[in-house]
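Taken in sequence, the protein lines are chains R and E.
Each residue of the first sequence is one higher than the one before, counting from 1 in my numbering.
Each residue of the second sequence is one higher than the one before, counting from 1001 in my numbering.
Fair warning: there could be bad hints in the mix.
[Unchecked claim] Computed list of lysine-lysine pairs in BS3-like fashion (alpha-carbon distance at most 25 Å, straight line):
1. R:K36 <-> E:K1044
2. E:K1041 <-> R:K70
3. R:K70 <-> E:K1044
Honestly, the hints are just simulated from the structure, not real lab data.
Residues per chain, in single letters:
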Amino acid sequence: GQQVMQIPQYQHVQEGEDFTTYCNSSTTLSNIQWYKQRPGGHPVFLIQLVKSGEVKKQKRLTFQFGEAKKNSSLHITATQTTDVGTYFCAGARGQNFVFGPGTRLSVLP
Amino acid sequence: EAGVTQFPSHSVIEKGQTVTLRCDPISGHDNLYWYRRVMGKEIKFLLHFVKESKQDESGMPNNRFLAERTGGTYSTLKVQPAELEDSGVYFCASSQGLAAPRGEQYFGPGTRLTVT
């Protein structure tokens, strides 16, 4: 079945450093979503990418969808302690989504 | 607007017992999803309702799990009998619209199930 992988599994950064998490699918995706889950919380939607090569920005967050629509990335510029949490990508599978295992980000003040 | 709510927030049961989880989606959302996250691993899809119909239940682990969505409103997920490996956090999510690609999913706070 379709698999969605994410690297790295964990990332520890100093506040102010940049952070990137990568999402890779074994099959072509029609679209991809990104979610953030704070410790003890629930996943919160960040963005959805649909077009090949699409790039979207939300303040310090930059999201990319690969040309082949099999990979995606989330880049955070100048991390802050409020960025702490687990970032999940979710690739569309038919009418539903397959979530990756997530990247847990720790930000040291 | 109220968000997705789930009940209970925590449940501790013994192996062999029955537990029923409830999810109230955002009013007007046709799509309702159940997910499970075990020991900090990936968020695993269980099933998807469109209104009262099961659109996709390919993620349901086995026949000990039964989900219903009466009248296309709230949904219940029953585990009977519960096994140790059923422990985890069960999330419910809802979204609007029936056209693909599906839009933003709104997640509930989750039910943490512990089977001892």
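Quick rundown of the hints versus the structure:
1. R:K36 <-> E:K1044: holds (16 Å)
2. E:K1041 <-> R:K70: holds (21 Å)
3. R:K70 <-> E:K1044: holds (20 Å)
In summary, the structure agrees with every hint in the numbered list given earlier.
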